[in-house]
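Whenever a hint applies, use it, and build me the whole structure from the sequences.
Chains as they are written, first to last, in full-length UniProt numbering: chain A, 1 to 249; chain B, 1 to 249.
Misleading hints may appear alongside valid ones.
Said to hold, decoys possible - Simulated pairs of lysine-lysine, DSBU-like, Cα-Cα distance not exceeding 30 Å:
| # | chain 1 | residue 1 | chain 2 | residue 2 |
| --- | --- | --- | --- | --- |
| 1 | A | 188 | B | 57 |
| 2 | B | 216 | B | 168 |
| 3 | B | 95 | A | 238 |
| 4 | B | 168 | B | 57 |
| 5 | B | 243 | A | 188 |
| 6 | B | 56 | B | 238 |
As the list claims (entries may be wrong) - Derived list of chain B stretches under chain A, where covered just means 3 residues or more per stretch with a C-beta under 8 Å from a C-beta of chain A:
| # | segment |
| --- | --- |
| 7 | 52–62 |
| 8 | 103–112 |
These aren't lab readings, by the way, just hints derived from the structure by calculation.
Where is the CB? At the ideal position from N, CA and C, for every residue including glycine.
2 protein chains.
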Amino acid sequence: MNEVTNLLMNHRSIRHFEDKPLSREQIETIVLSAQAASTSSFVQAYSIIGVTDKEKKAKLAEFAGNQSYVAENGHFFVFCADLHRHDIMGQMENKDVIPAIESTEKFMVSVIDAALAAQNAAVAAESLGLGICYIGGIRNDLEGVSELLKTPDRVIPLFGLAIGYPSKKNDQKPRLPLQHIYHENEYKQDEAVYREELEMYNKIISEYYDERTGGKRKDTWTGQIAGMLEKQTRMYMKDYVQKKKMDLR
Amino acid sequence: MNEVTNLLMNHRSIRHFEDKPLSREQIETIVLSAQAASTSSFVQAYSIIGVTDKEKKAKLAEFAGNQSYVAENGHFFVFCADLHRHDIMGQMENKDVIPAIESTEKFMVSVIDAALAAQNAAVAAESLGLGICYIGGIRNDLEGVSELLKTPDRVIPLFGLAIGYPSKKNDQKPRLPLQHIYHENEYKQDEAVYREELEMYNKIISEYYDERTGGKRKDTWTGQIAGMLEKQTRMYMKDYVQKKKMDLR
Chain A
1 MNEVTNLLMN HRSIRHFEDK PLSREQIETI VLSAQAASTS SFVQAYSIIG VTDKEKKAKL
61 AEFAGNQSYV AENGHFFVFC ADLHRHDIMG QMENKDVIPA IESTEKFMVS VIDAALAAQN
121 AAVAAESLGL GICYIGGIRN DLEGVSELLK TPDRVIPLFG LAIGYPSKKN DQKPRLPLQH
181 IYHENEYKQD EAVYREELEM YNKIISEYYD ERTGGKRKDT WTGQIAGMLE KQTRMYMKDY
241 VQKKKMDLR
Chain B
1 MNEVTNLLMN HRSIRHFEDK PLSREQIETI VLSAQAASTS SFVQAYSIIG VTDKEKKAKL
61 AEFAGNQSYV AENGHFFVFC ADLHRHDIMG QMENKDVIPA IESTEKFMVS VIDAALAAQN
121 AAVAAESLGL GICYIGGIRN DLEGVSELLK TPDRVIPLFG LAIGYPSKKN DQKPRLPLQH
181 IYHENEYKQD EAVYREELEM YNKIISEYYD ERTGGKRKDT WTGQIAGMLE KQTRMYMKDY
241 VQKKKMDLR
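Shown next, in the form of C-alpha cells:
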C-alpha cells in the first residue's frame with residue numbers, strides 16, 4: 001500500500017458538490033492525465049466534451065433522470081467513443097478505413113479507449129482533492145445527448161463524469177469478494193462454489209444496508225441487481241449505435 | 001500537479017520485464033485497486049483472470065502475435081467483460097434477466113466496467129514501481145483464448161495486462177493536442193479546423209519518429225493509423241461476441 005493505492009481504494013462516488021467551478025488549470029490537468037492513459041495501437045479513439053453551458057447541463061440532468069449533480073458540480077465531462085476522427089483520417093490519406101471503423105472490434109476499441117482515459121481523469125481529480133461521479137444516466141437518451149452536444153456519426157457519448165468540490169461524502173459499498181472477481185489460470189468451473197461466493201457476498205451487502213439504514217433496508221446484491229436487470233432499460237441502444245455507423249459488421 | 005498526476009502523465013508501456021514474479025501481496029493490492037473503481041449501477045460486470053501457468057502464457061503470447069512480454073513478465077492478467085454472473089443471479093432470483101444481459105447497452109456496460117477496473121490496476125501497479133503493457137493482441141483469436149481460459153458464455157476476454165519489473169523503459173509518445181481531444185459545450189463543427197489540428201499533430205509525431213530513429217522513420221499519425229485501419233483485422237469479432245450471447249439485441 002502507498003499513497004496512490006490508498007487513494008484508489010478510498011474511492012467513493014460524490015453526489016453533492018459545492019457551487020465552485022474547476023479552474024482552467026485543474027481541467028487541463030485532468031484532461032492531460034486522461035490522455036496519458038494507454039490507447040489501443042495508438043488509435044486514440046475517444047473525445048471528451050466539457051459542458052459549462054447552464055442550459056445544456058440542465059438538459060443533461062433531465063436526460064439522466066433528474067440527477068441534480070449533473071447540473072450542479074465543478075465541471076461536467078462527457079466521454080465519447082470516437083471513430084469520426086478515423087473517418088476523416090481515411091479521407092486525408094485516401095485509404096478505405098470504413099469496414100474497420102464499422103466493425104465490432106473497433107467499436108470495442110473505442111469504448112475501451114474512452115473508459116481508460118476516463119478512469120485516469122477520475123483518479124487525477126481525486127488526487128486534487130475533488131470528488132467524482134460517473135453518469136451512465138446520459139445513456140437514457142443518447143439521441144437527445146447527441147443532438148445537444150452536436151456529435152457527428154461514429155461518435156457515441158458513453159457516460160458523463162461530474163467533478164467538483166465534495167460537499168457530502170458517501171459511504172463506500174463493499175465490493176464482490178476478491179476470490180470471486182479474480183480467477184487463476186482458468187475461469188472458475190464449479191458453479192456451486194460460484195453461487196456460494198455470491199451468497200456470501202449477499203450477506204455482506206445485506207448487513208451493509210441494514211447498518212446504514214437502521215434496519216429499514218436489507219437488500220441482497222443478487223436481489224437488487226437481478227431486479228434491476230429484469231426491467232430491460234435502454235433497449236434502443238443497438239439501433240442507436242448502428243444508426244451512428246458503429247458496431248455494424 | 002502532484003505525485004499522482006505526475007505518475008499518470010509519466011505512463012509509458014513496458015515491453016521488457018525482469019524474470020521476477022509479483023508477490024501475492026502485490027497481486028492482491030492490484031486486484032483490490034481494480035475493484036475499487038466505479039461500476040455502472042453497482043453491476044460489477046467484469047472478471048479478472050490471472051495466468052501463471054507457463055504453457056498457457058506461451059499460448060497467449062502466440063495468440064497475441066508472438067509478443068514475448070505476454071509470456072515473460074511478473075504477472076499476466078486478462079480482463080473480461082462478464083455477464084455470466086448476472087445470468088446465474090437471474091436464476092438464483094428467478095427473474096428473467098436474459099433480454100437485458102443480451103442487449104448492446106449491457107454489453108457496453110460490461111466493457112466499460114472492465115476497462116475502468118483495468119486502468120485502476122495499471123495505475124496501482126505503476127505506483128508500486130512496476131511497469132505495465134495492455135495486450136489487445138489476445139483479441140486476434142478470442143475463440144482460442146476462451147477455450148484456453150475456459151470462459152463460459154457471456155464472458156468476453158477483452159485484453160491482457162502484462163505487469164512486472166521493468167528492465168527497459170520506452171519513450172513516451174506525444175498524444176493528440178489537448179484542444180483536439182477536448183471540446184467545449186459541443187463537438188467541434190468546423191472540419192477545416194479539425195483537419196488542421198490533425199496536420200499539426202502529424203508534424204509532432206513525424207519529428208518524434210525522426211529524432212528517435214535518426215531520420216530512418218518519419219511516419220505521420222494519420223498515415224500510420226489509416227494504413228493500419230485499411231487492413232481490416234479481427235473482423236470475426238461481431239460473430240464471436242454474438243456467439244457468446246452478448247450484444248445481440
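Each hint, compared with the structure:
Between residue 188 of chain A and residue 57 of chain B, the direct Cα distance comes to roughly 18 Å. Compliance with the 30 Å bound is thereby established for this hinted pair. Of the supplied pair hints, the one linking residue 216 of chain B and residue 168 of chain B holds, its CA atoms being roughly 22 Å apart against a limit of 30 Å. The hinted pair formed by residue 95 of chain B and residue 238 of chain A meets the criterion: a straight-line CA distance of about 23 Å does not exceed 30 Å. For the suggested pair residue 168 of chain B and residue 57 of chain B, the alpha carbons sit about 21 Å apart, so the restraint of at most 30 Å is met.
Among the hinted pairs, residue 243 of chain B with residue 188 of chain A is consistent with the structure: their alpha-carbon atoms are about 20 Å apart, no more than 30 Å. Between residue 56 of chain B and residue 238 of chain B, the direct Cα distance comes to roughly 25 Å. Compliance with the 30 Å bound is thereby established for this hinted pair. Judged by the Cβ-Cβ criterion of 8 Å, the segment 52–62 of chain B is covered by chain A as claimed, because 3 of its residues qualify and three suffice. Using a Cβ-Cβ cut-off of 8 Å, 8 residues of the segment 103–112 of chain B lie near chain A, which meets the minimum of three, so the contact claim holds.
Comparing the model with each numbered hint stated earlier shows that all of them hold.
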